[in-house]
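What follows is the residue order along each chain.
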Amino acid sequence: MKIYRDIPRRWYMALSAVSFLAFFVIWSVLSLTMKSAHIFLPSPWAVAGFLFELFVEHHFVRDILASVWRVTVGFAVAVIVAFPLGLLAGTSKHCDAVVQPFNDFVRYMPVAAFIPLTILWLGIGDAQKMLIIFLGTVFQLIPLIADTVSRVPKHLVELGYTTGASSWGVIRRVVVPWSLPTIYDHCRVALGWAWSYLIVAELVAANVGIGHVIIQSQRFIRTGDVIAGILVIGLIGLAFDQAFKLPKSRIFRWL
Amino acid sequence: MVLRILVVAFCFSTLVSCTKDSDDSTTTFRVAFNTWIGYSPLVIAKEKGFLKKRGLDAEITFLEGIGEKNSALLRGDIDGVGHTADSAVTSAAAGVDGKIVFVFDRSLGADAILARKTIQSVKDLKGKKVALEPGFTGHFFFLYLLREAGLSQDDVEIIAMDTGSAGGAFVSGKVDAAVTWEPWIGKAKELDDAHILLSSADRPGVIIDVLFMRTATINERPDDVKNLVEAIAEATAWYASHKEEGDKIMAKFWKLDLKEAQDTVAGMQFMSLEENQKFFGTSSEPSQLLKTVSAASELWLQTKVIDKPIQPRSVIDFSSVNAVSLKD
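The listed protein sequences correspond, in order, to chains P and L.
Quick note: the first sequence, position 5, residue 4 per numbering that gives the first Met the number 0, numbers continuous.
Quick note: the second sequence, position 232, residue 231 per numbering that gives the first Met the number 0, numbers continuous.
No lab work stands behind these hints, which were simulated from the structure alone.
Be a bit skeptical, because a hint or two may be false.
Taking lysine-lysine and the DSS-like style, the derived pairs with C-alpha atoms no more than 30 Å apart in a straight line are [unchecked claim]:
(1) L/K127 <-> P/K34
(2) P/K34 <-> L/K173
(3) L/K128 <-> P/K34
(4) P/K34 <-> L/K52
(5) L/K188 <-> L/K242
(6) L/K188 <-> P/K34
(7) P/K153 <-> P/K92
(8) L/K258 <-> L/K173
(9) L/K116 <-> P/K34
(10) L/K188 <-> L/K51
(11) P/K34 <-> L/K254
(12) L/K242 <-> P/K34
Just chain L, same shape as in the assembly (with noise of 0.2 Å):
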């Protein structure tokens, strides 16, 4: 009897969660994130309206890995994901037909190679184990880092683990340098023997934090993307002038302490409409985007982390971020 209700149950919540997925009565965009602070933009659009008064709704869930992003886009799933610059270059070699149509940040300091203070400069890495996670935008930075001293990637002993692991490997002293991000970098100033060898501070708009969704999406409802650009866009202003409750909506949602919260902001800028416009280019004379974009493409193929190159072009959605203003 218990087992026959434990069954139906089963089936209830599969029916459920399956006829969730086709619910369009209000236009409502699921949009999955990996768990960073960077993509809060969507998120106090949510909290403080600007998405409602378009008549817009967005249901964030989390998808921590590349693939699991993947899979979820390809099935339709959801939306769109929030993504780095490199990994919307990945997505795309995967099958993945999407677009970035908004640059949520910059990363100001927020990814950094961690490296022992007798290693002073990129070509000091020569011979040396870093830690890094493959494929990811910590690899990326790393390779364009590389690719300007003039190394490749065969010159380093590569340690692979994910990001955070390599921030903790580091800070435990197991390796000699890695490639980590927010909060490993503020963990390993607290070291003796550590510093920062090169931030996203140094190089910015090589890791950026975007919108990308899935191409289908936006010929599907052109309109309704615009006004969730639009909506984003709006949320990055206020939040310019509003810091203080901004960061407390940022703290609840990512259940962090304010001063965390705080802290890891502080490693990053959310860039603004215009911003965006300029970094976007347009389509018959494109910007920094594209130039971060075919970055990716190139060092992923020398790599073989994708097997053919793609089109730079072709991820990039140059209409929707330049046909919005904000008029207030």
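Next comes chain P alone, as it looks inside the complex (with noise of 0.2 Å):
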């Protein structure tokens, strides 16, 4: 078989397909077998009353509509700060200098140990929870757009100084447009290691939210409702990540 090489859609739906329904057939068959299995791995079809019991009598929408406001406003605001650091760091080895070592440095802190430091800072209403999402997010984010920037053709970069742009211009004219597929990819991953965030961002003060729900659940050992909020984030998250790719086409009409 030759890499690369493309194959139909409906084979691709397929193939997905299988992934799902293995996932479901070893779970089921874990939560039938397992030891204690009760209380550790409640059968999948046992999830979805939870899930239904969830939405029916406990709000869960509620739930989500916060979570979903938290993530996002942490995860944009990790992208308004990450995207203009990447940009200088990828294009001027001054910036670079200043930025990226101190950066990586920062990256491999463990942002859990920080929550009693971001209370202290921002208190316990949302602000701290975003905060969270935030530090977890942006490190992350500024070395992978540093990259693709500092990946501009260079021939690319000496054309637009040929027609006598300014490096400002070049850098609005040829490294953006050229970059922005490729970041736009990159926030779309970062976007996953935002939601991993969240039970981080709700143990603090949080009387709604998926996480909150998942972390009360763990406390009375409702392993079901526990594995119903866990799915829910992963339904969610796949949602986003196709909402992101969707428009993709038509935001970049110059590829």
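Please assemble the complex out of the two chains, which come individually in their own frames, going by the hints.
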């Protein structure tokens, strides 16, 4: 089989469906055979029941909206901060020296350990939660953007200068348009990381939220609710992911 | 354009969460709990209007860990927390100036040491692996029992993890013993090779859930604090004669099935006002509460959970609870 050969869309969807099916089958088998499964791994149909109850009796929609809001804002601010920093670091060696080594240092720090500090900085409101999500995302995004920006083909850059543009002009008219599609993809991946920080974010003073529901359910060993919450996050993520992918051809008409 | 809207929205939500804290037109107490049904008297007081009729309200939020509670208390974002007596000592040692104003309940079986049946006494734990959460209530309970049996922490191998995970680790067979809480105790009862070695029912008064309030709040609003204590006491008295409705309120608040709520409540005993007053004693004749707090201070210091002892009296507010009475 030759690599990079395209396959019909139907094949693609069928194979993806097989993955999901395998997941459910393995889950079902484990939930029926594993020791203490009723505590640690309820079956898919039991979880479906818990999910239904969450929506009907516990206003789960409110929790979903609260979490989506927190993640989206934290993520958006991360993008707003990472984009100019990555752009500068990728195009100017001076900026690269100032930003990247320090960013690589901070990038490895565990965000969860900063929770008490974030409370001291911002209190226990939504801003603190968005900060956690921001911290989990921004330091990872900067090197990715910087790396993409640094890969702009030099002949295009030269071409820009030849037409008489200033450095800012070259950035605006060559670097950004060339990098944007890849940066857009980096952001799509980063949104996944942002969601993974939801539990950490909602550990503190959350009265609503999917993370809050998961944390409280864990306390009372309502594992069905925990798994339901995790699945919902996965589905929301999938939806956002697809939403990210769809408008790509329209936004990036020049491709 | 979209980015601009999002920036504005972010700034707006930050502003909103800042201004919310400075609203004191109603006497609202901001209280944080970790997720535990023991704090329910305040929930019932809020739900049944006992707070409202005294001109009070409570904004309840959730902070699971001591680190987070201490940060929020230090910052003044909250007026008080639901805590255990031993955690009050930990908070005080971390620099939080606060006092226990009321005891919600004493644990009677909701906290326990689970062990394999081959381990029949605390002495048998020598050299064994025990899962528990260092610095937290289970750890305190364990140290208290070790001291009784003439053992020290060095005689056992402590495997550190949070209290719930300790229960999970025991139930899945990974450790010989664990100090954990409900509902894991119920789950362990289903196992053939396990039993409850000792539980809080065997040592009532060691594990107690308390309302721990910032001293600044108590000094600023002493009458409101007394009314708050009175409201919670009224809720406890009301629950004693309206158990069914009370259980329903708790189940709804903590998002549990009614049976789950009832099973969990069975492992503890809410403390009435009279019991509270007996448990506190007075400033000149302190009672069991001081003993528990002192034990916590000694044991935490011994095991270096805190690095200097605290003055046990300084974390107890004798005045509020003794100034209150429920005359219907």
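Next on the checklist: So, against the hints stated earlier in the document, which numbers end up violated here?
Outcome noted: 4, 10, 12
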